[in-house]
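With the sequences and hints as input, model every part of the structure.
Going line by line, the protein sequences match chains G and E.
Sequential numbering of the first sequence, starting at 1, is according to the UniProt record's numbering.
Sequential numbering of the second sequence, starting at 1, is according to the UniProt record's numbering.
By construction, these hints were calculated from the structure, which means they are not laboratory data.
Ideal Cβ positions, reconstructed from N, Cα and C, are used throughout, including at glycine.
Be aware that one or more of the hints could be misleading.
[As the list claims (entries may be wrong)] Among the chain G residues that face chain E by a calculated CB cut under 8 Å, a handful are: (1) 95; (2) 99; (3) 283.
[Unchecked claim] Which stretches of chain E does chain G cover? Using the computed rule of at least three CB atoms under 8 Å from a CB of chain G, they are: (4) 124-134; (5) 145-152; (6) 264-275; (7) 315-321; (8) 331-342.
[As the list claims (entries may be wrong)] Restraint-style ranges between C-beta atoms, simulated for each label pair: (9) E:296 to G:252: 46 to 52 Å; (10) E:314 to G:62: 31 to 37 Å; (11) G:230 to E:308: 41 to 47 Å; (12) G:227 to E:338: 40 to 46 Å; (13) G:4 to E:164: 50 to 56 Å; (14) E:164 to G:275: 54 to 60 Å; (15) E:308 to G:227: 48 to 54 Å; (16) G:91 to E:356: 51 to 57 Å; (17) G:173 to E:164: 53 to 59 Å; (18) G:127 to E:20: 23 to 29 Å; (19) G:287 to E:100: 34 to 40 Å; (20) E:150 to G:181: 48 to 54 Å.
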Amino acid sequence: MGFFLETLIGGLMTGMLYSLVALGFVLIFKASGVFNFAQGAMVLFAALAMARFSAWIPESLGIDSAWLANAIAFFLAGALMFAVAWLIERLVLRHLVNQEGATLLMATLGIAYVLEGVGTSVFGTDVYKIDVGMPKEPVMILEGTFEGGLLINKEDFVAALIAALLVGLLALYFQKTATGRALRAVADDHQAAQSIGIPLNRIWVIVWCVAGLVALVAGVIWGSKLGVQFSLATVALRGLPVVILGGLTSIPGAIIGGLIIGVGEKVSEVYLGPMIGGGIEIWFAYQLALLFLLFRPQGLFGEKIIDRV
Amino acid sequence: MLYRENGQFKTSYAADQQIFPIAQDRWAILGLLVVAFIGVPLLVDEYLFRAILIPFLILSLAALGVNILVGFCGQITLGAGAFMAVGAYAAYNFHIRIAGLPLLFSLLMGGVTAAVVGIFFGIPSLRVRGLYLAVATLAAQFFTDWVFLRVPWFTDNASSGSVSVSNLQIMGWQIDTPVNKYLFCLAFLTVFALLAKNMTRCAVGRQWMAIRDMDVAAEVIGIRPLFAKLSAFAVSSFFVGTAGALWGFIHLASWEPAAFSVDRSFQLLFMVIIGGLGTIMGSFFGAAFIVILPIALNQFLPAFGGLFGIRISTAGVSHAELIVFGGLIIFFLIKEPHGIARLWSTGKEKLRLWPFPH
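So this is what it looks like as structure tokens:
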């Protein structure tokens with residue numbers, strides 16, 4: 001029982017990271033109808049920027065406090081992601097309005113290549129560590145309830161808290177501010193939003209900025225857990241089944257889908273994996289999503305906008 | 001002046017419905033085939049065969065398959081790499097497990113197996129479409145990656161996980177030199193391209209296009225979506241699977257699942273989109289573009305940097321390659337969303353009026 005719960009919690013933690021990636025997908029898809037394959041590259045780019053900035057700043061500015069250096073690095077990396085978002089809108093999306101979904105998809109793949117190339121040539125290709133001072137030591141809880149108790153990483157808890165905080169802030173932003181209302185209007189209906197005077201281009205920049213910020217948070221958490229390396233870019237592929245499961249247009253769907261996929265992967269890997277050879281994590285998530293598509297094409301919480309085929 | 005159909009009258013339906021109604025086109029294609037079959041083997045050196053021509057031919061074949069599904073039937077797929085893998089491994093198993101089976105038959109059986117798997121993974125297309133379908137086909141990709149890596153039966157229990165074939169021959173004709181390999185692939189491609197062209201002109205091809213343009217309307221006029229979609233998946237996977245078998249047998253000779261990873265699927269989709277969706281010609285243009293671009297960049301970037309006194313390291317070149325590749329893709333999508341094939345047909349239209357455009 002204790003082992004099962006540990007597996008479950010491990011799955012939830014991975015799932016939370018998937019949720020953050022999926023959140024980036026959903027935000028952009030809702031607002032612009034673009035399926036953003038570059039989300040993984042954005043996570044990589046943001047994490048690389050954060051890792052390098054936090055290493056460069058103490059050297060060049062002579063700041064001793066690690067906390068301050070990290071804060072400045074985070075701020076700079078965030079600004080960089082804003083610049084990236086603005087450039088993407090300016091150079092790519094603006095010219096591709098009203099193109100087919102497949103064309104836009106390919107364009108984001110192109111963006112992903114460019115981001116990967118720029119990121120690795122500016123920041124280097126080594127494996128970097130992001131150290132934002134998260135507590136590392138594991139703790140035992142519930143020792144009275146089970147034999148042996150549960151072994152849990154404090155770091156995971158902090159990460160989960162940060163993610164929850166981020167989602168809460170986003171929800172507030174979307175529900176309570178004027179810009180948030182405009183974002184929701186655009187997500188609902190482009191033409192109607194435009195006709196009441198909401199500037200589409202600016203909304204797209206904002207939504208890509210928000211997605212960049214989410215990518216930065218995901219990158220920092222991921223990087224401080226596992227280190228920043230090139231393979232981080234493939235995380236987009238791990239996020240895809242999540243959005244399918246949760247529904248392409250639903251933010252709660254992305255969160256819950258991520259948790260389900262995370263738990264499903266871990267549990268299947270631990271209990272089913274040894275029987276059929278292991279390494280089944282990656283396709284298990286996809287099969288789960290595929291099965292889901294057959295019975296509930298709009299996902300868990302997605303709007304039922306898929307036409308009958 | 002040179003390229004127009006004035007004076008070429010058709011007196012029978014057969015003449016009216018031939019693939020290339022304009023005589024100049026027929027001669028041009030015939031000339032191209034002669035050059036490809038006779039001229040190229042005499043003139044070109046081995047490196048070019050190995051690095052450009054053979055990959056180009058095989059990937060064009062795969063791109064043709066993807067184009068049938070994406071361009072003609074409108075079903076986005078990101079699982080083309082998976083069907084290449086199925087074709088390659090199925091052909092391998094037919095090749096080694098049944099002694100004396102002709103090579104040609106093994107290769108085609110690879111395609112047939114891929115077609116069966118393609119039909120299976122095409123079933124979600126009856127429920128969903130667009131991006132959802134793309135993700136559904138990714139499921140095929142990751143599943144086959146895993147199967148060929150982890151299930152030893154498929155790789156004949158090879159300890160290293162990679163399989164290899166050798167001593168390929170057809171009726172005593174050894175396929176060992178680059179020239180022979182080239183000719184073999186070229187023959188395959190010629191037959192398959194003709195097949196694809198005709199298929200898109202006949203009833204089934206028109207059903208695909210009707211489904212692509214508007215599936216509800218197609219259903220109303222009596223086209224069965226189930227048949228049309230699954231047949232597109234089958235034919236497409238057959239092409240892609242055969243290309244995969246050729247890629248493994250002829251081009252690589254020894255391969256592992258990584259040769260057919262998700263990157264390959266993306267690459268194939270790039271080919272059809274850059275080349276031109278829904279055109280046979282576009283598959284060739286796209287394949288040529290994607291095959292030649294990285295090699296050209298690799299060759300020219302250091303020299304280009306040298307012009308400005310910048311020395312680009314090898315790692316720098318590979319990064320710059322990524323940037324330029326991505327940038328060019330975006331540029332093409334913005335400037336010509338209908339692909340290179342559209343440029344080609346615009347050029348032909350212009351040529352018909354040239355030199356008196358009014």
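Hint-by-hint comparison with the structure:
no., hint, result
1, 95, "holds (4 Å)"
2, 99, "holds (6 Å)"
3, 283, "holds (4 Å)"
4, 124-134, "holds (count 10)"
5, 145-152, "holds (count 5)"
6, 264-275, "holds (count 4)"
7, 315-321, "holds (count 5)"
8, 331-342, "holds (count 3)"
9, E:296 to G:252: 46 to 52 Å, "holds (48 Å)"
10, E:314 to G:62: 31 to 37 Å, "holds (35 Å)"
11, G:230 to E:308: 41 to 47 Å, "violated (28 Å)"
12, G:227 to E:338: 40 to 46 Å, "holds (43 Å)"
13, G:4 to E:164: 50 to 56 Å, "violated (44 Å)"
14, E:164 to G:275: 54 to 60 Å, "violated (30 Å)"
15, E:308 to G:227: 48 to 54 Å, "violated (35 Å)"
16, G:91 to E:356: 51 to 57 Å, "violated (40 Å)"
17, G:173 to E:164: 53 to 59 Å, "holds (57 Å)"
18, G:127 to E:20: 23 to 29 Å, "violated (56 Å)"
19, G:287 to E:100: 34 to 40 Å, "holds (38 Å)"
20, E:150 to G:181: 48 to 54 Å, "holds (50 Å)"
Of the numbered hints given earlier, the model fails hints 11, 13, 14, 15, 16 and 18; all others are met.
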